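Using the sequences and the accompanying hints, generate a full structural model.
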Amino acid sequence: MINIDELKNQNAQLILENNEAFDLLKKLNQKLKEADAFKSHFLSNISNEIINPFTSILGLSQNILSLGKQDIEQIHSMANHIYTEAFDLDFQLRNIFAAAKIESGENNLELVNIQIKDFVEEIIGILSLKAERNSLYFELNYSLDNETFVCDAGKLKMILINLIMNAITFSEPKNKIGIYLESKKDGFKFSITNIGKIISPEDSKLIFDRFTKLDTSINSINQGHGLGLSIIKDYVELLEGEISLLSNKKSGTTFGIKLPRLKSKEGDLFIDNEDIFMDSESDLF
Amino acid sequence: MVELHKIYVYPGNIELSQKPALLSTILGSCIAVCLWDNKLKFGGMNHYMLPLWNGEGLASPKYGNIAIEKLLKKMIWAGSSIENIEAKVFGGGNIIESTNGLYNIGVRNGEMALTMLKEYEIKITASSIGGNLGRKILMDTSDFKILHKYIEKQNI
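Residue numbers (the numbering used here), protein chains in the order written: chain A, 1 to 285; chain B, 1001 to 1156.
Worth double-checking, as some hints may not be accurate.
[To be verified] Calculated cross-link-like contacts (lysine-lysine; reagent style DSBU-like; alpha-carbon spacing at most 35 Å): (1) K1118/B with K33/A; (2) K157/A with K31/A; (3) K1073/B with K101/A.
[Said to hold, decoys possible] Over the 10 Å line for every Cβ pair with chain B, so calculated as not near, a few chain A residues: (4) L28; (5) F87; (6) I102; (7) N141; (8) S183; (9) L245; (10) S251; (11) N273.
It should be emphasised that the hints constitute simulated quantities derived from the structure, not laboratory data.
No experiment lies behind these values; they were computed from the predicted model shown.
Even glycine gets a Cβ: it sits at the ideal position worked out from N, Cα and C.
See below:
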């Protein structure tokens, strides 16, 4: 016997699922439309942010070549400009290559021991010149010793540099950028706080998508391809961590990254022949 | 015996080896599609977590539609003809207790593999999809032999 009530229930469930699927489809359609616009934007961004720095690097170094040895001060200031331009260029290119690597499925973990305090201080050292130019300063706080932490150093560096670069870019001048490092029982937490434009709850859903910049005007003073946070999201996922975002007028914008202590090395992860043959329950396909 | 090159396939990754190698991975609700060229005797494996890229984040191979297409493209770049490629599909266990069809990721992951491979007219020569358990697999890229073992949920 077919139970009518049960069928009704199933039907209601199916209608519900259908509606949800339809909503998803509508959203996806909208995103596809936007993707096309992003693409053309991306190309103009590239010419702005890759060709322009190159032009200034070429121009500045040409100037240096034409100067005499006595003009050391001028040379020094030009070298400073070259360094900044090259630094930005390097950062942008690294992000583009990192995104390309993730999208091609070549995103392996390379776990090493990191002295966590030294590691973070080194990154801050790299970025301090950039912060000074924007009249910003760092405030670094720890609730830990210089502990050893097993992580993928390259990926952690990309995560932190991207977050701090974002904090620098979106800060109002003469503010501090707070960096807080916490040791927890099950891992580490990095928090990066800046004072500037607030990210609304609706926007906080969008910012992790690739090529998404909240300020899309071509004259936007904010550089970047909108790749940083999408890379961070994938890297944090690979490192089995979590991202949190808190943004309000009172305390500014804080991105938190919580990473667990990873134990497994690639060698341990690998499933061996002997491993699988150990008991008789394995099948051959 | 010559020690074979060993590669662990992380979630969201694609590995392909033209030299004989061992590819291994651990699957819960994820799917690994293994492709193999029966003429040139080499192959590769992907490991995806979700069926479809919905435009969020990067278009990475953690999504089935992207992972399968990229693995196939890699095979073709490496010299395969599509008519020589065969497939084996594993994973898609319902490890997260859920009865709601829409959210049963394992089943949807499995369907994505079957649908896409059918579209490309790639023959599936073996598969172990669904159920309530996780899986460990180990593939030899030289002869396409795959060792398969069920594992309990908590080991994933």
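**Study point:** Distal placement of N273/A relative to chain B, Cβ over 10 Å
**Key:** violated (7 Å)
Practice item. Given the hint that K1073/B pairs with K101/A, test it: the Cα-Cα distance must not exceed 35 Å. Key: holds (15 Å)
Review point. Are all C-beta atoms of chain B more than 10 Å from that of L245/A?
Key: holds (15 Å)
Point to revise | Distance rule for F87/A, whose beta carbon must clear each one in chain B by more than 10 Å | key: holds (24 Å)
Check your understanding: Is it the case that I102/A keeps its Cβ farther than 10 Å from each residue Cβ in chain B?
Key -> I102/A is in fact no farther than 10 Å from some Cβ atom of chain B, at 5 Å.
Practice item. Decide if the proposed pair is consistent with the structure: K1118/B and K33/A, CA atoms, cutoff 35 Å inclusive. Key: holds (28 Å)
Review point. Can we confirm that no CB of chain B comes within 10 Å of the CB of L28/A?
Key: Not fine: 6 Å to the nearest Cβ puts L28/A too close to chain B.
Point to revise | Agreement of K157/A and K31/A with the hint, judged by alpha carbon distance not exceeding 35 Å | key: holds (30 Å)
**Study point:** Non-interface claim for S251/A versus chain B (Cβ beyond 10 Å)
**Key:** holds (27 Å)
Check your understanding: Once the closest CB in chain B is found, is it more than 10 Å from N141/A?
Key -> holds (30 Å)
Review point. Per the stated criterion, does the least C-beta distance between S183/A and chain B lie above 10 Å, as a non-interface residue requires?
Key: Non-interface label on S183/A holds, nearest chain B Cβ at 26 Å vs cutoff 10 Å.
When each numbered hint is compared with the structure, violations occur for hints 4, 6 and 11.
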